[in-house]
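A.B. asks: Given next are the chains, with one letter for each unit.
There are 2 protein chains.
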Amino acid sequence: MKPIKVGLLGLGTVGTGVVRIVEGHQEDLQWQTGSIIEIERILVQDHSKERSIPVDIDKLTEDPWEVIGHPEIDVIVEVMGGVEHTKDYVLAALEKGKHIVTANKDLMALYGREIMEKASRHGCDVFYEASVAGGIPIIRTLIEGFSSDRITKIMGIVNGTTNYILSKMSAEGAAYEDVLKEAQQLGYAEADPTSDVEGLDAARKMTILSTLGFHAGIELFDVKVKGISEVTKEDIAYSKQLGYEVKLLGIAEQQEGYIAVSVQPTMVKKSHPLSSVNGVFNAVYVYGEAVGETMFFGPGAGEMPTATSVVADLVAVVRNHNLNINGRRTASPYKEKKLKTDDQIVYKSFILLHVDDEAGVLSQITQVFAKYGVSLESVLQHSNPSNPKAEIIIITHDADQASLNKVLKEFENLSVIEEIKSVYRVEG
Amino acid sequence: MKPIKVGLLGLGTVGTGVVRIVEGHQEDLQWQTGSIIEIERILVQDHSKERSIPVDIDKLTEDPWEVIGHPEIDVIVEVMGGVEHTKDYVLAALEKGKHIVTANKDLMALYGREIMEKASRHGCDVFYEASVAGGIPIIRTLIEGFSSDRITKIMGIVNGTTNYILSKMSAEGAAYEDVLKEAQQLGYAEADPTSDVEGLDAARKMTILSTLGFHAGIELFDVKVKGISEVTKEDIAYSKQLGYEVKLLGIAEQQEGYIAVSVQPTMVKKSHPLSSVNGVFNAVYVYGEAVGETMFFGPGAGEMPTATSVVADLVAVVRNHNLNINGRRTASPYKEKKLKTDDQIVYKSFILLHVDDEAGVLSQITQVFAKYGVSLESVLQHSNPSNPKAEIIIITHDADQASLNKVLKEFENLSVIEEIKSVYRVEG
Chain L
1 MKPIKVGLLG LGTVGTGVVR IVEGHQEDLQ WQTGSIIEIE RILVQDHSKE
51 RSIPVDIDKL TEDPWEVIGH PEIDVIVEVM GGVEHTKDYV LAALEKGKHI
101 VTANKDLMAL YGREIMEKAS RHGCDVFYEA SVAGGIPIIR TLIEGFSSDR
151 ITKIMGIVNG TTNYILSKMS AEGAAYEDVL KEAQQLGYAE ADPTSDVEGL
201 DAARKMTILS TLGFHAGIEL FDVKVKGISE VTKEDIAYSK QLGYEVKLLG
251 IAEQQEGYIA VSVQPTMVKK SHPLSSVNGV FNAVYVYGEA VGETMFFGPG
301 AGEMPTATSV VADLVAVVRN HNLNINGRRT ASPYKEKKLK TDDQIVYKSF
351 ILLHVDDEAG VLSQITQVFA KYGVSLESVL QHSNPSNPKA EIIIITHDAD
401 QASLNKVLKE FENLSVIEEI KSVYRVEG
Chain G
1 MKPIKVGLLG LGTVGTGVVR IVEGHQEDLQ WQTGSIIEIE RILVQDHSKE
51 RSIPVDIDKL TEDPWEVIGH PEIDVIVEVM GGVEHTKDYV LAALEKGKHI
101 VTANKDLMAL YGREIMEKAS RHGCDVFYEA SVAGGIPIIR TLIEGFSSDR
151 ITKIMGIVNG TTNYILSKMS AEGAAYEDVL KEAQQLGYAE ADPTSDVEGL
201 DAARKMTILS TLGFHAGIEL FDVKVKGISE VTKEDIAYSK QLGYEVKLLG
251 IAEQQEGYIA VSVQPTMVKK SHPLSSVNGV FNAVYVYGEA VGETMFFGPG
301 AGEMPTATSV VADLVAVVRN HNLNINGRRT ASPYKEKKLK TDDQIVYKSF
351 ILLHVDDEAG VLSQITQVFA KYGVSLESVL QHSNPSNPKA EIIIITHDAD
401 QASLNKVLKE FENLSVIEEI KSVYRVEG
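Chains as they are written, first to last, in this note's numbering: chain L, 1 to 428; chain G, 1 to 428.
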């Protein structure tokens, strides 16, 4: 049988892992697929750079078209990152009938639909398991494992950087800025951490997961996003006292075809399996009407975990190739996108207020909740002898977001409230 | 397109769930597969029995051959359980070119090879996702998700009954017999609980998982099995004090092609994700050389979770049918089975001894460990003023099983040791 030839775009961390696995597991891969898999050309930025693995220098090129246009290459493995150029390369490769394996969540979140449409016209596979939650095969699980079920909720810890920061803040009572600095020194956070800490990276991943889970084309701008940069060590201390951990959760929900997707720091009850996912690990919790609660846990990034998912996709392309069914096992959205309005999005909230420490304050506050039909699970008041301001901690029962927003709006104009210190969604 | 016709063997708990999903999700399933799926005939034990779902009585039959031999039926969904008759039905159906979806771990653990061989000769699919860990798509994950990796360890909480019992013993400090009785009353344990509590059910599931994970044909008699009936509340109390939970773990390990599979009550460190899997939930922890640590958590049994997996397999059969590739996506073992000998199986142990409370005892005991090269992580001695016997609690470092067995053998003849009270494998 003719070997399957691969063109690799990028030889950074993940690309290096891909080479390691494809070369190191050659015999296993041949058993698994029935084919020999050969890396034919590799696009690099600098031809002469020293590499941590032995690579045949003749295979390296700085010209993307030498890879994309190579007549013998069957599959393009895109692990270079970036969006605009990368999209052009991927679309051009599809036009030449080459299958795509990509680890690029930005590309798939922004241009997934266009890419999948082009793939379908050219009979090509496009697989992107590594784009969400690194080594966890969550995309396959949504497409194949839960094909029979109706998924109503997907909650994900899908960004390792923020989970590292929040876990560390929780374990050590440390402040956000200090832990971020440490994470940058350790290489867990980028010099410009915006995309991670402001929740954009997680939002892109939730776009992909919710599209697959709910079969409707969710787009990045459908996702409401709030990052972790305002999470204080006091918030975390309170949450722990009350039996919660603060996690940056992507939450995608669907009821009767109406969908809401958001990313925000969330207080997760300690009995919930997501609460104990710490450090750079990722986890995706999936609730299906029939299956109930499930959770998938593993490394969210890193050279070898991500490469595992990339090469698993490559194995799938080769298996499809040998069955002559490339481009025919697709998971396209078949449902109309209907987004929930704020009055359809329902959850519990934690609210921390700084108020005047005087009689009647609590009564004024609870009246506002009552006015908008938001009922309360618990109310705690902390007074501090050295401070004329008191703290009130409220956990609501399930309430719709529209009503909650009205409550918070009215709080802004309530003179006894000095400050709405923090508001968190509560889960579990 | 012609509808796909299904013959259902069994209309008990899982069968009822399958009917609910196939009929309730008809439109989604059609989008997912491109076909209408119709249940054509259902084998029941008693035609006239009342059912919890509306079923067309004309579809029911007490004659298996009316289902298996039905000329229009494409797929047999086997959810009747049992082994000998069931095997005959499944093999006969395969001979008639019908694909098989089964939830039957006993059948697959005992006759999986024979069934897969017959399926391959007749170009049929055989899928059995529901046979292990109910609603968790772990079989797909091993076959597809980790196709590129080398799995070195699979640890599973794959029996809900025993996990319920051990979780309850741990949470309440209750005795085994009392919790077993309660589990029987609640329907979580059978009247004859042997298969669950003695680890046989878990062993069958580990046979399936290790065969898929290590690509070698592991058989039931390759699995060393010990159940939970000797776990005492004292053992659990000690394990908790030391930071462990006792779980019935299936453990399958592979190093350099040598495999060991066992099922035994195991002390799992509280920081390990398996330690917090409680009640009837199941979880499978998979360690791959490249991916590292992953864990998959969900319901291990129950009508709807199990039916979710069965119907997901049915979707896979129909997708394959429409791509004309039935019988061509198989995962057959391609490696020679090589089992580890006792000196290749290495782990930490917890040992609880009752000894004479006198000087020099500890020295005699530690000399035996030293003689066989077993080094110790910790040794604790508890004396009790009202008791002339003392307790010694030992946790070893990693040691091979052959050496450990020699130590325990010598302990039996050591006069200062009154009793080897308990021995547990330690993980995490």
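It is worth saying that the hints were derived from the structure and are not from the lab.
Be careful, since some hints might not be right.
Here are the simulated DSBU-like cross-link-like pairs (lysine-lysine), alpha carbons at most 30 Å apart as the crow flies [unchecked claim]: (1) G:K335 - L:K269; (2) L:K153 - G:K233; (3) G:K335 - L:K270; (4) L:K233 - G:K269; (5) G:K233 - L:K168; (6) G:K2 - L:K2; (7) G:K389 - L:K269; (8) L:K269 - G:K233; (9) G:K5 - L:K270; (10) L:K240 - G:K240; (11) L:K240 - G:K2; (12) L:K226 - L:K87; (13) L:K269 - G:K2; (14) L:K335 - G:K240; (15) L:K270 - G:K371; (16) L:K153 - G:K168; (17) G:K2 - L:K335; (18) G:K269 - L:K5; (19) G:K153 - L:K240; (20) G:K240 - L:K270.
Note that the structure is a prediction, hence the values are computed from the model and not measured.
A.B. asks: Look at each hint and say if it fits the structure.
C.D. replies: Results of checking the hints against the structure:
The hinted pair formed by K335 (chain G) and K269 (chain L) fails the criterion: a straight-line CA distance of about 45 Å is larger than 30 Å. As the CA atoms of K153 (chain L) and K233 (chain G) are separated by approximately 38 Å, the hinted pair breaks the 30 Å bound. Between K335 (chain G) and K270 (chain L) the CA atoms are separated by roughly 43 Å; this puts the pair beyond 30 Å, and the hint is violated. Distance check on the hinted pair: K233 (chain L) and K269 (chain G) sit about 28 Å apart at the alpha-carbon level, within 30 Å; holds.
Pair hint K233 (chain G) plus K168 (chain L) does not hold up; C-alpha atoms about 35 Å apart against a cutoff of 30 Å. Distance hint between K2 (chain G) and K2 (chain L) is unfulfilled; the C-alpha atoms sit about 36 Å from each other, more than 30 Å. As the CA atoms of K389 (chain G) and K269 (chain L) are separated by approximately 44 Å, the hinted pair breaks the 30 Å bound. For the suggested pair K269 (chain L) and K233 (chain G), the alpha carbons sit about 28 Å apart, so the restraint of at most 30 Å is met.
Using a Cα cut-off of 30 Å, the hinted pair K5 (chain G) and K270 (chain L) is violated, with the two alpha carbons roughly 46 Å apart. For the hint pairing K240 (chain L) with K240 (chain G), the CA-to-CA distance comes to about 22 Å; that is within 30 Å, so the pair holds. Annotation: proposed proximity of K240 (chain L) to K2 (chain G) is violated, straight-line Cα distance about 58 Å (limit 30 Å). Only pairs whose Cα atoms come within 30 Å are accepted, and K226 (chain L) paired with K87 (chain L) is accepted, the gap being roughly 27 Å.
Restraint check for K269 (chain L) and K2 (chain G): not satisfied, since their Cα atoms lie roughly 49 Å apart, outside the 30 Å limit. A distance of roughly 50 Å separates the Cα atoms of K335 (chain L) and K240 (chain G); the hinted pair therefore is violated under the 30 Å criterion. Between K270 (chain L) and K371 (chain G) the CA atoms are separated by roughly 46 Å; this puts the pair beyond 30 Å, and the hint is violated. Distance restraint check for K153 (chain L) and K168 (chain G): the Cα-Cα separation of roughly 29 Å lies within the 30 Å cut-off, and the hinted pair is therefore satisfied.
Annotation: proposed proximity of K2 (chain G) to K335 (chain L) holds, straight-line Cα distance about 23 Å (limit 30 Å). Taking the CA atoms of K269 (chain G) and K5 (chain L), the gap is near 45 Å; set against the 30 Å cutoff, the hint is violated. Between K153 (chain G) and K240 (chain L), the direct Cα distance comes to roughly 34 Å. Violation of the 30 Å bound is thereby established for this hinted pair. The suggested pairing of K240 (chain G) with K270 (chain L) holds, with an alpha-carbon distance near 19 Å, which does not exceed 30 Å.
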